[in-house]
Structure formats: C-alpha cells, structure tokens
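For the record, the sequence lines run as chains A and B. For the first sequence, the numbering used here assigns the number 1 to the initial residue and increments by one for each residue that follows. For the second sequence, the numbering used here assigns the number 1 to the initial residue and increments by one for each residue that follows.
Think of the hints as simulated: they come from the structure by calculation, not from any bench. No incorrect hints appear here.
Just so you know, same-sequence chains aren't split out, so a pair can sit in one copy or run between any two.
List time: in silico DSSO-like cross-link candidates among lysine-lysine, alpha-carbon distance up to 30 Å: (1) Lys51 <-> Lys27; (2) Lys27 <-> Lys2; (3) Lys2 <-> Lys51.
Number of protein chains: 2
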Amino acid sequence: MKFQRHNAIRELVAHSLVANQDELRRKLRRRGFEVTQATLSRDIHELRLSKGPAGYALPAAASAGETAIDDGPPSVAEVLESFGLRVRQAMNQVIISTVMGGAQPVAAALDHEEWPTVLGTIAGDDTVLVICTDPRRAAEVESRLRAMLES
Amino acid sequence: MKFQRHNAIRELVAHSLVANQDELRRKLRRRGFEVTQATLSRDIHELRLSKGPAGYALPAAASAGETAIDDGPPSVAEVLESFGLRVRQAMNQVIISTVMGGAQPVAAALDHEEWPTVLGTIAGDDTVLVICTDPRRAAEVESRLRAMLES
DNA sequence: CAGAGGCTTGCATACTTATTCATTGCGCTG
DNA sequence: CAGCGCAATGAATAAGTATGCAAGCCTCTG
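Sequences and hints are given; from them, build the entire structure.
Structural data, given as structure tokens:
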C-alpha cells in the first residue's frame, strides 16, 4: 500500500531524524514496510520532501496548509489590475496605493520581476513604496506602472 | 574570496533556480567565481542550504528567532552576515535586500546601534529602507554596510 | 629564514539519490 | 480467457553530493 507508506514516511520524517534514504528504509522495515531505496527516492519526490543539514524535512508550505504552487508567481500587471488604485511619484520614489491588503502581493510581484532601476520595495497594508535610482527613473517607473493600471 | 562567494551563492539561490551543484558552479563562473563542485558542497553545508524539489533553498527565516536569545542584541555586522544579500543607495536612502524574513532583524540591529547619520529605518519582509541625512552620508553608510557584507 | 599550525582548495573517490529498464499484478474489454 | 493498458516496484546504473588527503598559502614564532 503506497498511501499508507507515504503516511508512515511523513510521520517518521516529522518526528525523528532521517539522514538518508537507507536509514528511512530500515525504519520503515521495522514498521512493516519492506521496499527498496529506489521506491523511497520516488516517494520522497512525490511527497516533495526536502533534505537539509538536519536530514529530510516536510515541505514548509504544506505544513502551513497552503496551496501556493500553481503555475508561477503573478506578474506586476496582473496584480496591479487586481489591487492597484493609484500611482504617484516624488523624487526617486514611487508610491502605489492599493486596496487594503494589496500592498504585499504587489511588492512581491515587483521584487520578483527585478526591474533594473528599482532598488527595492517596502509594503505596508495598502501602500507600496518603490525606491528607484534617481528621479528620472522614478518617473519612468511611474508611467510604466500607470500604463498597467489603466490598461 | 570565500565570503564573497558565499554571498553570491545566497543571492543566486534566493533569486534563481539552482537544481544542482554543477549548475551553481556554472552560474558562479559567469560571475567570476571559478571553483569546483567539492568546494560548493562545502559552501552549501556551511550556509546550511537545503535541497528540495525546487532546487536549493535558503534556511528558513526561523533562524532569526534563534539567534536572538543568547548574549545580547546581535550587531549589524552579524545580522548582515546571516541575512544580507545586497546593499544599494539612491539619494539620501540606502536599500538593503535580505533573505526572506531577514529585514526585521537587520533593521532592529541598525536601530540599536544608533548611527548618527541614520535618521531611521523601515523594514518589510526582505527589504530594509534606511533614511540618512543627505546623499553624501547615505553613500558612506552604504559603503560601510557593503564592507560588512563582503568581509 | 625555517618550520609549525591553520585555512582553503582541487583531485580522486566513497557515498547517496535519481532514473532507466524490465517485470509483475490488477482491472478492463472484446 | 487473451490481450491490452497501467500503476507499482526492484535491479542495475547514471547522476549528484560528500569527504579523505595532500598541496598551496598565510601568519606567527623562534
């Protein structure tokens, strides 16, 4: 039974140190599951476990109960369309106003696209502060964002 | 040049997919670091990276909580060494990019040291905005932080 | 300067994990 | 029942990672 074995693996990994697949194989055998390392390699892949300095670990997202992994992070354009309200600029800074709770996703999308003239972003609840290299670039960034917002 | 290489590795792992050590070796080579897989294996161990279905990943920001409880508030240098990825400057501002979850500890350390030319800091999840009195001082702060990062 | 000690690295290789290929068992369909 | 498709698996092996060892460099000390 593959499913029961998967549960046993999850439990072993969560509650004890499992340094490698052969150790996992021996621990499973004591619980009545007798399989080879090849099968465990596949199981681990299916369970999306990760291996670090402290042995195998459950995927962080899964334990938090999230469904994060679909097809990739959303683009700035997408997320602005959903949350963006207004874009303004001053000096080398651009301020994006969003609906409540929309700042974080917008900033994350912006960070992810790594625009060269954007040094960094800081997000509150409904405002994103975008720091650019200089006022001129900030104006460019502003108009680009504004174009997205108004598309 | 071990330290700079470590920083480059952190940044590559944070911002791009690194499926295995040989891929990491090639990406580092394009940045001017020429080392063998053996060295990378050791680096990865020292950086406590973990490998999952999506390639290598930085250690969870949980390590932020652990470092806090020992002998006193961590210095900027310490915390930058753990979390810092990149430092840049524009106008009177300095932007510190960190590992996810690393911005708060960095800002706290910076606040605690009370540098005279730093008026204040704002931290998001992975970005710290440092406001300085003027552009000249900001450049000084930047180079000081950068020196710590690359020490 | 010679030499000890410590750190970093590459090479070669042991160890660990992923994959290919073949086999088996099960359910379905004609 | 024969034939087919398909999921699960093991054996063998390829791919990837860790490590023992020795060399090269520093710094320090006598």
